Amino acid sequence: MAMVDVKGKSIEVDEDGFLANLDDWSMDVANYFAEVEGIDMSDQHWEVVNFLREYYKQYQIAPMIKILVKEIGKKLGPDKGNTKYLYELYPGGPAKQACKIAGLPKPTGCV
Amino acid sequence: MAKLPNPEELSKIDYAPPSKGWMDTPTEFKPGMFCHGSKPKSLETLEFPNPREWRPADVDWKLPENWKQILLEGIADRLKKYRSFRLFMDICVRCGACADKCHFFIGTGDPKNMPVLRAELIRSVYRKEFTIAGKIFGKMAGARELTVDVLKEWWYYFFQCTECRRCSVFCPYGIDQAEITIIGRELLNLLGLNIEWIAGPAANCYMKGNHLGLEPHTIVGNLEYILDDIETVTGKKIKPTFNRKGAEILFVTPSGDLFADPGTYTAMGYLMLFEELGLDYTWSTYASEGGNFGFFTTNELAKRLNSKIYAEAKRLGVKYIIGGECGHMWRVIHQYMDTWNGPADFLEVPKSPITGTVFENAKASKMIHIAEFTADLMKNGKLKLDPSRNDHLKVTWHDSCNTARGMGILEEPRYVLKNVVNHFHEMPEDTIREKTFCCGSGSGLNASEDMDLRMKGGFPRANAVKFVHDHYGVNMLANICAIDRASLPPLMDYWVPGVKVAGLHELVANALIMKGEKERTTDLRGEPLPGKEQKEESA
Chain A
1 MAMVDVKGKS
11 IEVDEDGFLA
21 NLDDWSMDVA
31 NYFAEVEGID
41 MSDQHWEVVN
51 FLREYYKQYQ
61 IAPMIKILVK
71 EIGKKLGPDK
81 GNTKYLYELY
91 PGGPAKQACK
101 IAGLPKPTGC
111 V
Chain B
112 MAKLPNPEEL
122 SKIDYAPPSK
132 GWMDTPTEFK
142 PGMFCHGSKP
152 KSLETLEFPN
162 PREWRPADVD
172 WKLPENWKQI
182 LLEGIADRLK
192 KYRSFRLFMD
202 ICVRCGACAD
212 KCHFFIGTGD
222 PKNMPVLRAE
232 LIRSVYRKEF
242 TIAGKIFGKM
252 AGARELTVDV
262 LKEWWYYFFQ
272 CTECRRCSVF
282 CPYGIDQAEI
292 TIIGRELLNL
302 LGLNIEWIAG
312 PAANCYMKGN
322 HLGLEPHTIV
332 GNLEYILDDI
342 ETVTGKKIKP
352 TFNRKGAEIL
362 FVTPSGDLFA
372 DPGTYTAMGY
382 LMLFEELGLD
392 YTWSTYASEG
402 GNFGFFTTNE
412 LAKRLNSKIY
422 AEAKRLGVKY
432 IIGGECGHMW
442 RVIHQYMDTW
452 NGPADFLEVP
462 KSPITGTVFE
472 NAKASKMIHI
482 AEFTADLMKN
492 GKLKLDPSRN
502 DHLKVTWHDS
512 CNTARGMGIL
522 EEPRYVLKNV
532 VNHFHEMPED
542 TIREKTFCCG
552 SGSGLNASED
562 MDLRMKGGFP
572 RANAVKFVHD
582 HYGVNMLANI
592 CAIDRASLPP
602 LMDYWVPGVK
612 VAGLHELVAN
622 ALIMKGEKER
632 TTDLRGEPLP
642 GKEQKEESA
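Chains as they are written, first to last, in the working numbering: chain A, 1 to 111; chain B, 112 to 650.
Next up, chain B with everything else stripped away, as it sits in the complex (with noise of 0.2 Å):
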């Protein structure tokens, strides 16, 4: 494995574009820069084509002999499938507003990071097989023929895009890049270009029901682990129920939650609010991923794996399904599941139990985010909360991409920790909000052999951190988003140390009082709390 630069030498960004123009550019497979190929053994779970040894860095990509063909008819199915992408492919006027927006252009200089510029990766093989100005004037209308090394340029840049839309927000078109870097990713996979990192989670979710393969005896033995720090930090012990027909609600969160620090603090804070309501509802053993890699790789791919959650509700007889912290999670729910799993209508719209008010946004997904739950209880003031639990922690908020561009979630995460929290402390406007910057692993990007490529793109979130931790000594980076709880702890040691990382949940159970719980020492990790450390040694 490629090592790691240090920040001082990864800071050095080059912004001087190569000296011949992008067409005559070869693209160097950097070590760092990419994952590892996606492995026979995945493919053949999915049923995807092509399945083999290769590695990305090597020259023969051992590619079927008619490669050509299938991308090019599937390019000519796509545009006929997606009007999006017909109309991206055509309507750009190469304005540049998007060119500095990319957190990957900011993290590395490279010109083809541009959006624009990677949209420009494929468009010039539509002109020329799809346009006629393309085929009569080839590189002066921009066009140019399709080869391998295009097809490796590809590969290259279509995993060095997080699909966060950043760009989109800032285009006079609102041409969505990530739409094309979907299009771009599912063309590779039509000749087994995925990466192992996406493909190997994916046939995991097809076949065991979550990316991390967690078998239900697993799911249940990790939650009773859980479950005992519950007790020990608060004296109580919670019995939640698994598969349970007839309960109310559905439960479904990345299954991250229940395997690695820190999302296993925020399962603890799911348990623990759940409990104090005394809600019905149950989690799932089989439908146990909240995620979906299948987004990262085909729509085809997507579509099934977001069967399963809708499949489960109704086996269990619920009424409707609360979806934890997770991102792209959320984008799927309300920008695709409809068309590609709807409707769901032997489901209700969901009501909250505890207030009655109903989530009349939810009608036709009949899902909704734990974050808008928990507001709307605290907006009718349905909890009991003590913020001054969690004064030892300066906090500010990461906007997750999906959860803020992709469905708008962006004042019910600040209602809900303003709530929880004394010190509360937001970055700077341009990288908040719509204008969130990505944390550079997601869209299935947080992988180990990609470190490089990860604290590049992570730099601009980073730097909007830094500059919080800096001026109010912020200490904590709250979000609701699996992938963000995976990679910002190593962004954070690596750009800004001393910054944790921090579901919403887990703040909210620090701050949540209890019936019948003992005196608590200690936060959700068993740190000490601010006051409280006394009572702990004379305990």
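Here chain A stands alone, though its shape is the one from the complex (with noise of 0.2 Å):
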């Protein structure tokens, strides 16, 4: 397993370079994330990422894309619930790269 240095704190990382341990998340841990994708955290960015963490909390799983969109819809005004927003925030795909800075893992199967 790889170790990153997040302000003088080793952090492990999967191979993809999505945290490992979900315990070890901070702000500065997502900060770090964003760098690294090169991501410019406004409130916005921290709305999905803070959504992601307490939905991640109740259900064990990243949301699906359905359930991201509305609920960012309800929280940030209708024009803000659909899939071309959320691109907008995150172009690395919100499942991918919002998921990552939130520090959740990717789900597996048949997706």
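These are calculated hints, taken from the structure and not from any lab test. All values reported here derive from a predicted model rather than from experimental measurement. Quick reminder that beta carbons are idealized off the backbone N, C-alpha and C, glycines included. It is possible that some hints are incorrect.
Some but not every residue of chain A turned toward chain B, in silico, with C-beta under 7 Å [stated by the list, open to error]:
no. : residue
1   : 15
2   : 61
3   : 64
4   : 66
5   : 108
6   : 110
7   : 111
The list that follows gives simulated cross-link-like pairs (lysine-lysine, DSSO-like), each with its CA atoms no further than 27 Å apart [unchecked claim]:
no. : chain 1 : residue 1 : chain 2 : residue 2
8   : B       : 611       : A       : 66
9   : B       : 626       : B       : 350
10  : A       : 84        : B       : 643
11  : B       : 141       : A       : 96
12  : B       : 350       : A       : 74
13  : A       : 96        : B       : 611
14  : B       : 246       : B       : 179
15  : B       : 152       : A       : 9
16  : A       : 106       : B       : 114
17  : B       : 350       : A       : 66
18  : B       : 141       : A       : 106
19  : B       : 505       : A       : 66
20  : B       : 350       : B       : 430
21  : B       : 505       : A       : 84
22  : B       : 629       : A       : 74
23  : B       : 263       : B       : 192
24  : A       : 66        : B       : 348
25  : A       : 70        : B       : 629
26  : A       : 106       : B       : 173
27  : A       : 106       : B       : 152
28  : A       : 80        : B       : 348
29  : B       : 611       : A       : 84
30  : B       : 114       : A       : 84
31  : A       : 66        : B       : 347
32  : A       : 70        : B       : 611
33  : B       : 347       : A       : 70
34  : B       : 611       : A       : 80
35  : A       : 70        : B       : 348
36  : B       : 629       : A       : 66
37  : A       : 96        : B       : 152
38  : A       : 106       : A       : 75
39  : A       : 106       : B       : 611
40  : A       : 96        : B       : 114
Join the two chains into one complex using the hints; note that each chain is given alone, in its own frame.
Spelled out as structure tokens, the structure:
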């Protein structure tokens, strides 16, 4: 397992650069991943990350895109509740990039 | 992660064989051509041997000291247990009919992706250890020693086979290469050498009932969002039941249909069809996976994962099971289930409550494929359909390897399609039906770190789609497999941009006229329906 240095703390990441242990997540870790991904974190970016983390706590998996889109629409206004907006925030894909910053593992299987 | 070359670079395929013979050509682990190694947590969950952190690209695979003994005993056991394996080790005459039939060979030009040579990787060791000729004549008799390098070669190439069985269609002896790959992977699993994209979902399925690890409240939650979308499109509020004892039918589909697009549109299709029929059925949050990644691991694990579907059917007291649009699920149900977990004599032979048709073909498994069920409804005129609602789509049909070659579902989905779409165009003859080309990502290879492999392996399929796209303007690739729905969209975006992917029942539900529905202005994806846009604006 690879280790990365985040503000003097050694953090374990998996082969795809995702956080290995969810408990290691912090704002600093999120900012580190955002920097790696070339994302400048705005309040809107944080809304998505915070929603992902809340959802994960309850369901132990990242939300399906359908849910993410609808819930972000509720939080940020109906004009933001679409896939296009999420891709503007996270050009690498909300499932991949936003989940990585939020410290969530990638879903596996027929997906 | 390795950067994926562009299509132009990737389509320059070198078919010139290496200068040295295959035994003297070392295996090079190319980035993008293999998956991550299994994680210890997944193997521990499954109680599989040698759980540890390891990386396929590392020199040291952290094998147990007696690894060779374990493998040779593993081969000996399987030669005794599986007549198919013993036969396939002996009977190949190396005629080469299979050589250029494999999508991985066509896409890579690597001779070790010729099915005959992939089998030789293991046959050579079989000869050395288990035949007199091999013991005496060694290399001259095509025999070789089992070494760590040979083991690595097995791993690399048995995870570059999707067990699609196209080669076996052309083999004059009917050698089933999938059976050889299955045994090859079983042997590798004796040493803890799986890939995580298989071991992870299998562990999830073992613990939580499905590959994604969706817990009961997540399944219900996801379906609620899907039901909201149905209401938006049709105005109808559907309320399915979960884990309901006494339902007539248990419905089991791949968990991907409850999580990711375009599978979720297929799920909308199932829900709308069953609602319209008033079918007495239930979902289960325990037997919540049609697929079986155990089947890509070992026969024993496949059996374990398969048993939960039948255990749940028994617990709920249903009469029989309808299975959703899954590929390899059907090879398991059709060709293995009865031996592993049968007879399912506590269930009844499936009989459609709508048409009265008895599905004698499912006498043993007590499970029917939803394409059979729906084709029978249409044959008996039980559905009101408006295929013009699919007029914005020009559709072609991808026969999924396992449903086509594994159980012969060739006509049913075509019959259904022709009833629900007006524009249907077949791909070239040698690329469909029994000779269908694999998506290139089957048998658990649909990860993200092996995109080179997937795009190369999917090249022949994509090439045939490109033909109908260029000639007839085809813009929709329909199928009945969740791995297809997950893996074909990136394959199309890469090779044939402009072609989307849909499950069969998404198209059925687009066309299905439901009692009391509002006038539809969009399809299930929320795209405006042709000729209805005006009404949408004035509404």
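Right, here's what the structure says about each hint:
1. About 5 Å separates the beta-carbon of residue 15 of chain A from the nearest beta-carbon of chain B, less than 7 Å, and the hint is met.
2. Hint status for residue 61 of chain A: holds, given a least beta-carbon distance of 6 Å to chain B, under 7 Å.
3. A distance limit of 7 Å between C-beta atoms decides the matter here; for residue 64 of chain A the minimum to chain B is near 5 Å, and the interface restraint holds.
4. Interface hint status for residue 66 of chain A: upheld, as the beta-carbon distance to the closest one in chain B is roughly 5 Å, under 7 Å.
5. Contact between residue 108 of chain A and chain B, as hinted, is supported at the beta carbon level, the nearest pair being about 5 Å apart and thus within 7 Å.
6. Proximity of residue 110 of chain A to chain B holds as hinted, the smallest CB-CB distance being about 3 Å (cut-off 7 Å).
7. Residue-level restraint check for residue 111 of chain A holds (minimum Cβ-Cβ distance to chain B is 4 Å; threshold 7 Å).
8. With a C-alpha separation of about 18 Å, the suggested pair residue 611 of chain B and residue 66 of chain A falls inside the 27 Å cut-off, and the hint holds.
9. The straight-line distance between the Cα atoms of residue 626 of chain B and residue 350 of chain B is roughly 15 Å, inside the 27 Å bound, and the hint therefore holds.
10. Taken as a hint, the residue 84 of chain A and residue 643 of chain B pair is honoured in the structure, with Cα atoms around 24 Å apart against an allowance of 27 Å.
11. Between residue 141 of chain B and residue 96 of chain A the CA atoms are separated by roughly 24 Å; this keeps the pair inside 27 Å, and the hint holds.
12. As the CA atoms of residue 350 of chain B and residue 74 of chain A are separated by approximately 24 Å, the hinted pair is consistent with the 27 Å bound.
13. Distance restraint check for residue 96 of chain A and residue 611 of chain B: the Cα-Cα separation of roughly 21 Å lies within the 27 Å cut-off, and the hinted pair is therefore satisfied.
14. Simply put, residue 246 of chain B and residue 179 of chain B have alpha-carbon atoms about 17 Å apart, close enough for the 27 Å limit, and the pair holds.
15. Restraint check for residue 152 of chain B and residue 9 of chain A: satisfied, since their Cα atoms lie roughly 24 Å apart, inside the 27 Å limit.
16. Taking the CA atoms of residue 106 of chain A and residue 114 of chain B, the gap is near 19 Å; set against the 27 Å cutoff, the hint holds.
17. Restraint check for residue 350 of chain B and residue 66 of chain A: satisfied, since their Cα atoms lie roughly 19 Å apart, inside the 27 Å limit.
18. Proximity of residue 141 of chain B to residue 106 of chain A is assessed by CA-CA distance (about 23 Å); at most 27 Å being required, the pair is judged to hold.
19. The straight-line distance between the Cα atoms of residue 505 of chain B and residue 66 of chain A is roughly 26 Å, inside the 27 Å bound, and the hint therefore holds.
20. Note on residue 350 of chain B and residue 430 of chain B: the hinted pairing holds, with a Cα-Cα distance of about 21 Å set against a maximum of 27 Å.
21. In summary, the hint linking residue 505 of chain B to residue 84 of chain A is supported, as the alpha carbons are separated by about 25 Å, within the 27 Å threshold.
22. At most 27 Å may separate the alpha-carbon atoms for a hinted pair to count; residue 629 of chain B and residue 74 of chain A meet this at roughly 26 Å.
23. Between residue 263 of chain B and residue 192 of chain B the alpha-carbon distance is near 25 Å, which keeps this suggested pair within the 27 Å criterion.
24. Distance check on the hinted pair: residue 66 of chain A and residue 348 of chain B sit about 18 Å apart at the alpha-carbon level, within 27 Å; holds.
25. For the hint pairing residue 70 of chain A with residue 629 of chain B, the CA-to-CA distance comes to about 23 Å; that is within 27 Å, so the pair holds.
26. Of the pairs offered as hints, the one joining residue 106 of chain A and residue 173 of chain B holds, with about 26 Å between alpha carbons and a cut-off of 27 Å not exceeded.
27. Distance check on the hinted pair: residue 106 of chain A and residue 152 of chain B sit about 15 Å apart at the alpha-carbon level, within 27 Å; holds.
28. A threshold of 27 Å between alpha carbons decides the hint, and for residue 80 of chain A with residue 348 of chain B the separation of about 26 Å falls inside it, so the pair holds.
29. For the suggested pair residue 611 of chain B and residue 84 of chain A, the alpha carbons sit about 17 Å apart, so the restraint of at most 27 Å is met.
30. Among the hinted pairs, residue 114 of chain B with residue 84 of chain A is consistent with the structure: their alpha-carbon atoms are about 25 Å apart, no more than 27 Å.
31. About 19 Å separates the Cα atoms of residue 66 of chain A and residue 347 of chain B, which keeps this hinted pair within 27 Å; it holds.
32. Of the pairs offered as hints, the one joining residue 70 of chain A and residue 611 of chain B holds, with about 23 Å between alpha carbons and a cut-off of 27 Å not exceeded.
33. This hinted pair checks out: residue 347 of chain B and residue 70 of chain A have alpha carbons roughly 19 Å apart, not beyond 27 Å.
34. With a C-alpha separation of about 24 Å, the suggested pair residue 611 of chain B and residue 80 of chain A falls inside the 27 Å cut-off, and the hint holds.
35. This hinted pair checks out: residue 70 of chain A and residue 348 of chain B have alpha carbons roughly 18 Å apart, not beyond 27 Å.
36. For the suggested pair residue 629 of chain B and residue 66 of chain A, the alpha carbons sit about 23 Å apart, so the restraint of at most 27 Å is met.
37. Under the criterion of a C-alpha separation no larger than 27 Å, the hint pairing residue 96 of chain A with residue 152 of chain B is consistent with the structure, at around 22 Å.
38. The hinted pair formed by residue 106 of chain A and residue 75 of chain A meets the criterion: a straight-line CA distance of about 24 Å does not exceed 27 Å.
39. For a cut-off of 27 Å, the pair hint linking residue 106 of chain A to residue 611 of chain B stands: about 23 Å separates their Cα positions.
40. A hinted pair counts as satisfied when its Cα atoms are at most 27 Å apart, and residue 96 of chain A with residue 114 of chain B qualifies at roughly 16 Å.
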